[in-house]
Amino acid sequence: MHLSDEERAMLSGREGPAVQKAMEIVAALGEIYEAERLVPVASVQVAGVSYGNLGEAGLDFLREWAGQGARVVVPTSLNPAGMDLEAWRELGVPEQYGQRQLEVIEAYRAMGVSISCSCTPYLAGNTPGFGQHIAWSESSAVSYANSVLGARTNREGGPSALAAAITGRTAEYGLHLEKNRVAHLIVEVTCALNSLSDFSALGYMVGRKAADRLPYFRLDSGLEPGSDELKALGAAMAASGAVALFHVEGVTPEARDLHMLADDAISITIESLDEGYEALDGTSQDIDLVWIGCPHASLAEIEHTADELHGRQLDSKLWVTTSRDVLSTARLEGSVDRIVASAGRVVADACLIGAPLHEMGITSVATNSSKGAFYLRSHTGVRVRFGSLAECVDAATRGRWPA
Amino acid sequence: MARMKLRGRVIRRGHAEGEALVSQQAMSFFGGVDPESGVIVEAGHELEGEFISGKILVFPQGKGSTLGSYTLYRLRRNDLAPAAIINAQSEAIVAVGAIIADIPMVDRLDISQIRTGDEVTIEDDLVEVNRLDSPA
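Order-wise, the sequence lines are chains A and B. Here the first sequence is numbered in my numbering, starting from 1 and rising by one per residue. Here the second sequence is numbered in my numbering, starting from 1001 and rising by one per residue.
Worth flagging that the hints you see were computed from the coordinates, not collected in a lab. Keep in mind the model is a prediction, meaning the values are calculated, not measured. Cβ coordinates follow ideal geometry from the N, Cα and C atoms, glycine included. Please note that a few of the clues may not be correct.
Below, simulated DSSO-like cross-link-like pairs (lysine-lysine); rule was C-alpha separation at most 27 Å, straight line [stated by the list, open to error]: (1) A:Lys209 with B:Lys1005; (2) A:Lys179 with B:Lys1005; (3) A:Lys209 with A:Lys179.
Label-pair restraints from in silico Cβ distances [claimed, not checked]: (4) A:Gln96 with B:Glu1046: 30 to 38 Å; (5) A:Glu103 with B:Val1041: 46 to 54 Å; (6) B:Gly1049 with A:Glu333: 54 to 62 Å.
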């Protein structure tokens, strides 16, 4: 692999141990994946924030790297934490967890990372352009950036994304190269897609079937998917499979202007979403918490939740998770007040995966996100229901899943 | 005593010596290895219950969450890291973990040549395998 003089200097330690370690990571990945060179990145999204997932291991490492002088040199945004960084005490987060979480945030802040705490940086100020090279972690954000924005990133891990932010570079392999962005799986969807949870269930199914083939969707339903639908679809495929890029014919940028379908592509047909719903929906009747906002809710999703509530009072908890940026706009627009009036919460910064759910007394969760349902099941051990926004909100008003 | 020399590709330079612990299954460090004890805890893994600390850990490649890189770092901080890692084909999770935890690592060699219990010495890309009692 070719390294420039400046890159070689970083590797030799001339810019200090923090930059050297970062360049060792970037260069090693380049060698492993046979890149010819490194490319500058326009922005970075760093995952590995919630203390519940990072643990002492991650916190130790971040503190050491920051202490060695690691500083980011490109705009760098941060994934969700395990709690709302302002309202955590009133939401029932235990003191010790909260303090450790704040130490993680401090380490990132010391490195110059923006404390954006969202899995939807593209809705909160970090929006890369078409064709730009970026180094993002957080699989749902990677999927959105590649597919909907046409930017170029591999699925980075937390440390490798941070290494790219510190060096300003990433190795040019995988999805940075045009030839690897061509689809090999045509997905003909003949059933109607009527809600976000439909797109989420579809994504769950296709992610499991795709293996290493990049999907190209043809949607027969008349409704053209917008940003929220594509976000739900991509997040689901990135959770149930390893899909980091997809195309939707006539919709996503590379499938509008370029020929992104391989000649030897195979084809599958999706006639029903039952398989997706059945795989994720459990049997729990009681619902402690309804969770909307995986990935983090857009302004429209917060509004739709308030509309669906329509002033009804809640019996169980209802949390809409979002970025602090979107929260402040939603406050101004009044949708937050409408949710709060029903005794619901709009929670900033946080993801439930990595949050101390058991300590908070939460044992059953309903959500309209297949990604959320999937990780709640595998990572937290709570009981899970998966359904539409209407079903979820209905469950929150009764404390029971609708029969 | 059988002696064998293999040459791989360096992921992390360094010198290490130790007893080989070999698996033919991919390994997840996040959730798969307990960083406080150095024991493999992945249910159903063929090395479940084995202690990896100080061993030359040999497996085809990593899998699972990218947080596994931090697990390797934590093992190092707890003085419980493997002495070295040998993979058939490296991927990002274990490679990044080896770099941030300063664990010598080599890939792209025939790992079927190495058996659990072999005495292994690594010097950058050179792997020397000593088998004390060759079975008939």
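For each hint, the structure was consulted:
Between Lys209 (chain A) and Lys1005 (chain B) the alpha-carbon distance is near 42 Å, which puts this suggested pair outside the 27 Å criterion. Restraint check for Lys179 (chain A) and Lys1005 (chain B): the C-alpha separation of about 38 Å exceeds 27 Å, so the hint is violated. Taking the CA atoms of Lys209 (chain A) and Lys179 (chain A), the gap is near 22 Å; set against the 27 Å cutoff, the hint holds. For the hinted restraint 30 to 38 Å between Gln96 (chain A) and Glu1046 (chain B), the CB-CB distance of approximately 37 Å keeps it satisfied.
Taking 46 to 54 Å as the suggested C-beta distance range, the pair Glu103 (chain A) and Val1041 (chain B) does not conform, at roughly 26 Å. Gly1049 (chain B) and Glu333 (chain A) have their C-beta atoms about 56 Å apart, which keeps the hinted 54 to 62 Å range intact.
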